[in-house]
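Same order as they appear, the protein sequences are chains A and B.
Following the numbering used here, the numbering of the first sequence begins with 1 at its first residue and continues without gaps.
Following the numbering used here, the numbering of the second sequence begins with 1 at its first residue and continues without gaps.
Watch out, some of these pointers could steer you wrong.
DEER-style ranges, computed between Cβ atoms [unchecked claim]:
no., chain 1, residue 1, chain 2, residue 2, range
1, A, 190, B, 82, 41 to 47 Å
2, B, 280, A, 190, 39 to 45 Å
3, B, 280, A, 208, 36 to 42 Å
4, B, 282, A, 240, 54 to 60 Å
5, B, 232, A, 132, 30 to 36 Å
6, B, 282, A, 74, 36 to 42 Å
7, B, 153, A, 131, 39 to 45 Å
8, B, 81, A, 151, 35 to 41 Å
9, A, 182, B, 81, 32 to 38 Å
10, B, 82, A, 236, 27 to 33 Å
11, B, 84, A, 144, 49 to 55 Å
Hints are computed from structural coordinates only; laboratory data are not their basis.
Where a beta carbon is used, it is the ideal one built from N, C-alpha and C, also for glycine.
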Amino acid sequence: MKPLLEIKDAVKTIYNDDDNLNILNNINLTINPKDFLVVLGTNGAGKSTLLDAITGTNQLTSGQILLNGDDITSENLAKRSRHISRVYQDPKSGTAPRMTVAENLLLAKRRGLPRRLRLRDLKSHMAEFQELISNLPTLDNRLNTFTDKLSGGQRQTLSFLMAIIQRPELLLLDEHTAALDPQTSKDLMELTNRIILEKELTCMMITHDLSDAMKYGNRLIVLKKGEIILDLNQEEKSKLTEADLLQYF
Amino acid sequence: MNLIVSTISQGFIWSIMAIGLFITFRILDFPDMTVEGSFPLGAVTAVSLIQSGHSTIYALCIAFIFGCLAGFATAFLYAKLNVPILLAGILTMTALYSINLRILGKANMSLTKSANIFNQFGLDKLPTNFNGIILGIIIIALIIFLLIIFLNTEKGQAVIATGDNETMAASLGINTTVMKFIGLMVSNGIVALTGGLIAQQNGFADVNMGIGVIVIGLSAIIIGEVIYPDVPLSVRLITVVIGSIVYRLILMIVLQLGFNTNDLKLISAIILALCLALPTIRAQFLKTLRNGVKTK
């Protein structure tokens with residue numbers, strides 16, 4: 001199987017006056033299509049830096065990133081966004097607060113495409129957007145609601161929908177349920193899992209929740225001090241308990 | 001009556017500047033000090049061109065283009081060289097003072113009465129001060145119409161998204177740097193256009209006429225928002241016009257009460273401060289009122 005994403009010898013160094021710190025230390029990682037990769041690690045392990053490097057938000061100090069075999073290491077965020085979408089931890093990071101739910105979805109519909117000087121076509125997309133949110137009690141009938149009037153859970157659900165409305169080749173979830181209350185977090189995680197499986201998306205999800213890490217995904221890696229110290233497939237993962245995982249922290 | 005009509009006329013013309021400022025202050029969500037330089041830039045450009053024999057329309061078009069270039073300079077400092085936006089605006093504004101002196105050749109210049117857009121195209125046949133109202137309405141309608149159309153295009157939506165949430169916009173592949181350039185250029189173009197109009201209305205251009213214009217523009221925006229809170233973006237552009245007229249009427253009333261005209265800038269700043277504080281005062285008042293009801 002041709003890998004979707006290959007990260008080769010990735011190093012990200014922060015230069016200080018007295019000491020240089022490798023946030024990512026020679027990371028090598030291959031993600032295949034339909035992988036649902038769960039990433040665990042302590043704070044400062046380099047999880048978000050790894051996602052930043054994949055999206056192009058932060059460039060690597062050295063190393064190479066290949067997407068479908070093409071070297072995207074020097075491509076900027078805008079170019080990579082055509083293939084990669086990301087949901088952030090903070091519900092406010094993923095939506096435009098002074099635009100409506102439908103307007104946000106329309107923006108996401110053109111993810112990675114040039115924004116032309118032609119009238120937006122909101123009306124013709126309303127039926128599609130309505131269908132998208134029809135099974136979500138939190139967002140139903142909210143298409144014309146301004147996003148700043150939504151709760152954190154509603155905004156994060158919208159962020160997730162925006163990330164998948166234009167099918168991404170790689171979906172990155174950066175602790176996307178961490179800022180929500182337990183019930184909302186559970187609901188969103190269920191929705192996330194259902195859509196990833198239904199649409200056969202390739203996903204990389206960072207989480208601090210060990211039970212979520214055990215329950216979801218078909219592959220698990222643990223990062224520590226910028227290095228991958230554990231990489232398990234579905235079968236290996238199923239043999240572990242949460243207590244086993246704890247020893248890697 | 002004539003005073004009120006004159007005040008409303010000024011409110012209409014100044015509201016064009018406030019609409020320009022609205023693009024940066026409310027859509028891109030940052031304060032742009034460039035306007036204090038681009039406003040007199042438009043004035044001196046228009047007056048210089050008119051005095052050298054060019055048509056008033058041509059002069060206003062060039063004033064708009066020069067304003068766009070001023071916005072480009074600020075955008076370059078801010079979006080390309082990472083200079084903080086306040087500093088970028090102040091740098092451009094400072095540089096424009098010398099450029100304005102170069103364009104005008106001296107600190108101020110008067111216009112002959114005939115070479116004035118307010119006395120052309122049949123506007124001179126209207127009753128006193130109605131020419132400003134009619135011309136203002138025409139230009140405002142045109143600018144608001146074009147802005148609403150633009151903001152409803154894919155590019156316009158990208159500009160709004162950039163101001164709303166730059167992280168999100170960038171992650172959706174929107175080139176936020178380009179959007180900042182567009183916003184700052186269009187904004188300063190409109191502000192310079194207003195400078196050209198005000199210079200013609202006043203009959204002169206002065207390199208110092210930009211001092212305090214940002215307060216005037218912000219007052220119009222804030223007063224409009226206080227009167228009409230929570231309205232859609234396109235309606236907010238109209239509330240800016242209403243805010244500008246109300247602001248001028250408040251100033252007129254204050255001056256009619258006998259305040260010294262030298263205190264105009266002080267009064268302007270106080271009015272803006274009051275308007276900015278109004279939501280907090282209102283919330284505090286309602287809270288006190290509720291507490292009072294509970295106690296009873």
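Looking back at the hints listed earlier, which ones does the structure fail to meet? 5, 6, 7, 9, 10, 11
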